[in-house]
Each structure stands twice: as C-alpha cells, then as structure tokens.
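**Student:** Sequence:
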Amino acid sequence: MIFYALAFACGDLTLQQFLELPTISVLVIISKLAAIMARLRYWYCLFFIIGFLWASVFGYYQLNDQLLPEFEGIPLKITGEIANLPEQNAQHANFEFTVLESPEKLPTKIKLNWYAPTEILHAGETWTFIVKLKRPHSNFNLGSNDYEGWLFMQSIGATGTVSKDSPIFIAPASLFNVNRLRQKIGDSLIKNYGENTSTALLKALTIGDDNSLSVENWNTFRITGVTHLIVISGSHIALVAGLVYWFTINLWARLNILRFPPPRAAALGSLITAIFYASLAGYVIPTKRAVIMLGMIAIAQFYQRHNHPLQSFAMALLVMLIFNPTMLLSIGFWLSFLAVALILYRVAGRLKSPMNWLNGVDIQLTVSLGLSPLLLFFFQQTSLISPLVNFIAVPIVELMVVPLALLTCLSMGFFPWLADKFFSILDFILKWLMTCFEFAETLPNAMIDSSQPSFFTVILSCLGLLWLFAPRGVPARWLGFILNLPLLFPIIPKLNAGEAIVTILDVGQGLAVSVQTQNHQLLYDTGAKFPNGGDMGKNVVLPFFRYQGVKKIDTLLISHDDNDHIGGAKSVLEGMSVESVLTSVPEKFTPYQQIMRCQSGQTWIWEGVKFTVLSPAIFFETDNNNSCVLKI
Numbered sequence: 014m015i016f017y018a019l020a021f022a023c024g025d026l027t028l029q030q031f032l033e034l035p036t037i038s039v040l041v042i043i044s045k046l047a048a049i050m051a052r053l054r055y056w057y058c059l060f061f062i063i064g065f066l067w068a069s070v071f072g073y074y075q076l077n078d079q080l081l082p083e084f085e086g087i088p089l090k091i092t093g094e095i096a097n098l099p100e101q102n103a104q105h106a107n108f109e110f111t112v113l114e115s116p117e118k119l120p121t122k123i124k125l126n127w128y129a130p131t132e133i134l135h136a137g138e139t140w141t142f143i144v145k146l147k148r149p150h151s152n153f154n155l156g157s158n159d160y161e162g163w164l165f166m167q168s169i170g171a172t173g174t175v176s177k178d179s180p181i182f183i184a185p186a187s188l189f190n191v192n193r194l195r196q197k198i199g200d201s202l203i204k205n206y207g208e209n210t211s212t213a214l215l216k217a218l219t220i221g222d223d224n225s226l227s228v229e230n231w232n233t234f235r236i237t238g239v240t241h242l243i244v245i246s247g248s249h250i251a252l253v254a255g256l257v258y259w260f261t262i263n264l265w266a267r268l269n270i271l272r273f274p275p276p277r278a279a280a281l282g283s284l285i286t287a288i289f290y291a292s293l294a295g296y297v298i299p300t301k302r303a304v305i306m307l308g309m310i311a312i313a314q315f316y317q318r319h320n321h322p323l324q325s326f327a328m329a330l331l332v333m334l335i336f337n338p339t340m341l342l343s344i345g346f347w348l349s350f351l352a353v354a355l356i357l358y359r360v361a362g363r364l365k366s367p368m369n370w371l372n373g374v375d376i377q378l379t380v381s382l383g384l385s386p387l388l389l390f391f392f393q394q395t396s397l398i399s400p401l402v403n404f405i406a407v408p409i410v411e412l413m414v415v416p417l418a419l420l421t422c423l424s425m426g427f428f429p430w431l432a433d434k435f436f437s438i439l440d441f442i443l444k445w446l447m448t449c450f451e452f453a454e455t456l457p458n459a460m461i462d463s464s465q466p467s468f469f470t471v472i473l474s475c476l477g478l479l480w481l482f483a484p485r486g487v488p489a490r491w492l493g494f495i496l497n498l499p500l501l502f503p504i505i506p507k508l509n510a511g512e513a514i515v516t517i518l519d520v521g522q523g524l525a526v527s528v529q530t531q532n533h534q535l536l537y538d539t540g541a542k543f544p545n546g547g548d549m550g551k552n553v554v555l556p557f558f559r560y561q562g563v564k565k566i567d568t569l570l571i572s573h574d575d576n577d578h579i580g581g582a583k584s585v586l587e588g589m590s591v592e593s594v595l596t597s598v599p600e601k602f603t604p605y606q607q608i609m610r611c612q613s614g615q616t617w618i619w620e621g622v623k624f625t626v627l628s629p630a631i632f633f634e635t636d637n638n639n640s641c642v643l644k645i
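The sequence shown begins at 14 in the working numbering and counts up by one.
Quick caveat, the hints were computed from the structure, so don't treat them as lab data. In this text, a Cβ means the ideal position worked out from N, Cα and C, and glycines have one as well. A few of these clues could be false.
Calculated lysine-lysine pairs in the DSS-like style (CA-CA distance at most 25 angstroms, straight line) [what the hints assert, rightly or not]:
no., residue 1, residue 2
1, 147, 124
2, 551, 583
3, 147, 177
4, 204, 90
5, 124, 551
6, 564, 551
7, 204, 434
8, 145, 177
9, 565, 644
10, 177, 124
11, 601, 644
12, 644, 507
Beta-carbon label-pair distances, calculated as ranges [stated by the list, open to error]:
no., residue 1, residue 2, range
13, 344, 521, 17 to 25 angstroms
14, 637, 462, 33 to 41 angstroms
15, 31, 344, 13 to 21 angstroms
16, 159, 103, 26 to 34 angstroms
17, 574, 163, 29 to 37 angstroms
18, 618, 521, 27 to 35 angstroms
19, 592, 511, 54 to 62 angstroms
20, 183, 315, 41 to 49 angstroms
21, 133, 511, 54 to 62 angstroms
Given the sequences, and given the hints that come with them, work out the whole structure.
**Tutor:** What follows is the structure, given as structure tokens:
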C-alpha cells in the first residue's frame, strides 16, 4: 500500500513542477498509457500516471474557478457566507468569503479585506458586500512565501476589498455551522478571561485560532522549536482520541452491554472525538492526516482486524492527495508527514528501552534531527535547543495543557465556576512554560541560520540521517554523518574584489534594492508598510537575506520618508544587525545608533566597489526632492 501511495504522490509532484498544465490532447494520450499499464499490471507505473492525471484535472478545475480578467477592479455586488474566523480590529478585517449569489460568474471562494470596518463580523454569517476583486497574485522573491500558491491550494479564486458603507447583514450563522461554534468559544474565552497570552494560547489549542498570538510569541516558538505544540497538531488529536478510548472502554465494560463489545464502542467514540476536535481546529493539514490514520485504526479495531501503522500512513497520504493534490505545495504537508514517517522508521520492529523516558528522548532527537534538512531548505534556519525544550514541554502540553484547555471550554457553558478553576491551573502552567521558552530563547546559538542548501544537499542529508537512524546491525552507520557534512559546512561562493550583485526586490509599489560586495551588504529602501500591520521588510527583505545567508547589513540607506520606501525599515532594524543608517530623514530613526544624514559628496569604497551620494546637495522643502541618490 505504501508504495502505491508514494507512486501516486510522485505523479502528483511531477505535475506540480510544470510551468503550465498539459493540454487535453496530451492528457488523453497519457490516459491511454495508463490503460496499457493496467493491462500489463504495472501497478506502480499506473498509480504514478493516475496521480499525474488527477492533479492535472484538479488543476483545470481550480483555474476554471478563478476570477475572469474582465471583472478585475470593478464594483461587484455579492452575497455570501463568512467561511472562517475573521481577523479583525478597529483598522482592518480579513476573512474568507464563500460566494452564494452574484450577477456575474465569480469564484466560489474569495479572500476579502475591509479597511476601517464599521461592523463586527462573525464566522458563518451571511452578508451582502460591494467589492472590488483582483486575480490571485503575489510578489516573486527568493526566500518569500508563495502567497499565490497558498491561495491556489486553499481554492481561493480572487482577493479584494470591501467598499465602505456597502455591507448589508443578511442572516446569522446556522446552528449547525462549526465555525459558529468556534467563534462562540473564542469570544467567550476573551469575555471571561481577557486578552492575554494564556487566552491566546488557549484559543490556539482548542479552536485553532492563533491570530491573537503576538509576533514576539511566534519568534519565541520558532527559536525554541515548539510551534507544533502551540497549534493543534496530529499528536493533540491522537492524545484526545486515546483518552476517550481509554475512558470509553473502561466505562463500557462496567456497564456490561454485551451486544456491543467495549473495544468497538471505544473505537467509535475515539474516532467521533477526533473528527470533532479536528473540525474545531479548522481541519488543517496535520489534523486531517491524524483523523484519517485514526480512522484506519478505529475501523480495524471495530472489525477486529490487524492494521499496520504504515497502512494508515499510506492511506492518509493517498486520501489527502485525492481530496486536494495541491497539498504538495504546502510546507506543513511535508513536515507533518515526514515527522510521522521518521517516528515509524525509528520505532517499527525494534526493541524498546526498559526506561520509557529514553524512548521519548530517542524519538524527539530523531524528529528534530530528521526535520532539520527540510527546515534549512524551507526556512534557512533550525533550532539547536529544540530537542531539549521539547523533551520538557511535550509531556506537559500533551498530558496537562491540552486536557485542561478542553475541559475549560467544555465546562464554560455549564459550570462557569469549574471552568475558572481549570483556567487558573492552566494559566499558571502556561505562564511557567512561556518563562521557560523565553529563557531558552536567550541561550547562545539557540538558532542556526544558513543560506538555502541545494536540493541535492538536502537529499544527501536525508539519506545520511536514514542510515544514521538505522537499526543496530546495519554496517557503518557512522557514514550517515559523513553524508551530512555538505549540509553542516556549506561552501558559499564569494564575489571577487570589484564585483557586486544588485538585486531589485519585488515589493510592488515602492523600492527595495540589495547590493552585495565581497564582504559587505547594503540595502537601499525597504518597501511599504500596510494597514493590517504587515510590511515588506518583514515579508520580503528579511526572508531574502535569510535565503542568501546574509546575517548583517553594513549600511541601510533610506532615500526619503514616503511609506513605500521607509515602511519596512523598522522590521529590518529589529530583525537584523544593522551597522549604520544613511537617510534624508534621520529624525525618524532616533532610537538607533550610527544615524547619518545623506548629503552630496559622501563616498566610500567596499572591496573595489565605489559608492557615491549624488543628492541632496542642499535642503529642499519636499521629501521627494530631498531623496538620497546613490551612484555605484
């Protein structure tokens, strides 16, 4: 089963590498080839072709559900349902919208922004808006997230904005809408316990709403390697399902209902619980995988059949790619499945240590080291303290925090006094955990940064780790470490003296230019800042420098005070070491050191590359006329 699923996934992955979808005539020819493979019983080849064909068909369906060019930028009146938990504050609201009625052929699902919203939105409500839409698009930069690919994977066919004073409320959410329940739980938590880090973590662990967590919180989780504990993951689903299974099988045995054996009742109860918890989480990728795998185990238990973990793993992989072949575009998909694969590889068919805690250490080290090549490839960084932090945090979160979080939410509507008790205990544990995380974050070399390794280096490293983690008796396991040397000690080509690489980053309206010499780095402008709090410094510039392996900016030059040039500067200064700032508006950077006003005649030379400021020679009244002009 596992090889059939992998063959299907490889066919899907092959299609994802194409710049455009194959023509219908090509797909017909490939379909005939599939028939030949079936007749010859070349099953692996058949599954590969089926994966390729299915991904192609799905791609055509998705592209057909995107906004037509003639509807871009014009006012459109639409009615539909809010399809997720809205991100909302006084300045901005962001939400997904399922279109139910429109005069034109529009995509089924769109993503909307509403600036200075005049109404409070709730998940599942039906509204009428006048909107201006545009086709999915994102900036193209090395190291940045593929936002357009994410929209495609989420079946979002357009993005747009809501016109002011146009919204008309139509109907509240249906009683059977799970997003309505998620919204109600989140609102009740805020109402009862206020807006704080503990409440934000509680929302993330129960309803999958992590919007209340601050940027500082996410940085802490990223550096310590505990992000998977903060969001609802497969391990949380498995834990809750396991607790329900244990409780049900013991209770059922005492009830003595012999017509329905306790194992069957427990399997059914745990599966229903897993489905419900995953729906509260919004059915993100790790929860879908966990539910499918638990479903396979529950069915086997129900019918008293043996089910190998690899069978469940393969079925989860196959089912998820059948429902949405574009999941291969998701980094979370790769990390989720690889983590489970590493655990299965490490524990399958091996003797366990008589000391259970050593088994936990072994699995944690395996997962942390095994995911490192992918983390360096996707994010250009990985946490060195993750194994230690997770060894302490995993049992606390899984065995204490998650059960208490769910008990708090379950008792909130029926026994408020009991919910308060649960939350008090939970708040104490979460504050202690956050203190530990923040301390670990400050340890030297907690996180390593590197330029993006090559695909070949990542494959070589993964093979080396598989060899290193192989069972005892496999010869020369130490050679697995040798295969990881290219990842640990990458060879970064250096520029020659007198050479410079100039990269104009795609920041939309505005400017951000990277200039790299043999040993120095200059950044000219940083792009814009947006009303929703994001900016091009955080979204584009910092990821680009991580991708390139740049750890320090020698000179940050801000030409003038317009938002589309200075907007990302704060994020850059906070996210990287900056030696000096050269600008026409030094008063905007008073908290920082080494600030100089740019003036005509300033000159410096880096490794044979000469930089000269041409303007301004005198002070002008307008910011644009005072812009720093640099000659290289």
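**Student:** Determine for every hint whether it applies to the structure shown.
**Tutor:** Each hint, compared with the structure:
1. Restraint check for residue 147 and residue 124: satisfied, since their Cα atoms lie roughly 10 angstroms apart, inside the 25 angstroms limit.
2. At most 25 angstroms may separate the alpha-carbon atoms for a hinted pair to count; residue 551 and residue 583 meet this at roughly 9 angstroms.
3. Restraint check for residue 147 and residue 177: the C-alpha separation of about 18 angstroms stays at or below 25 angstroms, so the hint holds.
4. Proposed proximity of residue 204 and residue 90 is contradicted: the alpha carbons are some 34 angstroms apart, above 25 angstroms.
5. Distance hint between residue 124 and residue 551 is fulfilled; the C-alpha atoms sit about 21 angstroms from each other, no more than 25 angstroms.
6. Taking the CA atoms of residue 564 and residue 551, the gap is about 15 angstroms. The hint holds against a cut of 25 angstroms.
7. For the hint linking residue 204 to residue 434, the alpha-carbon distance of about 16 angstroms falls within 25 angstroms, and the restraint holds.
8. A C-alpha spacing of about 11 angstroms is found between residue 145 and residue 177, which places the hinted pair at or below 25 angstroms, so the restraint holds.
9. Restraint check for residue 565 and residue 644: satisfied, since their Cα atoms lie roughly 22 angstroms apart, inside the 25 angstroms limit.
10. The suggested pairing of residue 177 with residue 124 holds, with an alpha-carbon distance near 17 angstroms, which does not exceed 25 angstroms.
11. Between residue 601 and residue 644, the direct Cα distance comes to roughly 24 angstroms. Compliance with the 25 angstroms bound is thereby established for this hinted pair.
12. For the suggested pair residue 644 and residue 507, the alpha carbons sit about 23 angstroms apart, so the restraint of at most 25 angstroms is met.
13. Between residue 344 and residue 521, the C-beta spacing of about 23 angstroms keeps the proposed range 17 to 25 angstroms intact.
14. Between residue 637 and residue 462 the Cβ separation comes to about 36 angstroms, which falls inside the hinted range of 33 to 41 angstroms.
15. Remark: the range hint 13 to 21 angstroms for residue 31 to residue 344 is upheld by a beta-carbon distance near 20 angstroms.
16. Between residue 159 and residue 103 the beta carbons are some 31 angstroms apart, a value that agrees with the proposed interval 26 to 34 angstroms.
17. Distance hint check for residue 574 and residue 163: the Cβ-Cβ separation is about 33 angstroms, which falls inside the suggested range of 29 to 37 angstroms.
18. In this structure the supplied range 27 to 35 angstroms holds for residue 618 paired with residue 521, their Cβ-Cβ distance being about 33 angstroms.
19. Take residue 592 and residue 511: their Cβ atoms lie about 22 angstroms apart, and the range 54 to 62 angstroms is violated.
20. Remark: the range hint 41 to 49 angstroms for residue 183 to residue 315 is upheld by a beta-carbon distance near 43 angstroms.
21. Taken as a hint, the range 54 to 62 angstroms holds for the pair residue 133 and residue 511, whose Cβ atoms sit roughly 60 angstroms apart.
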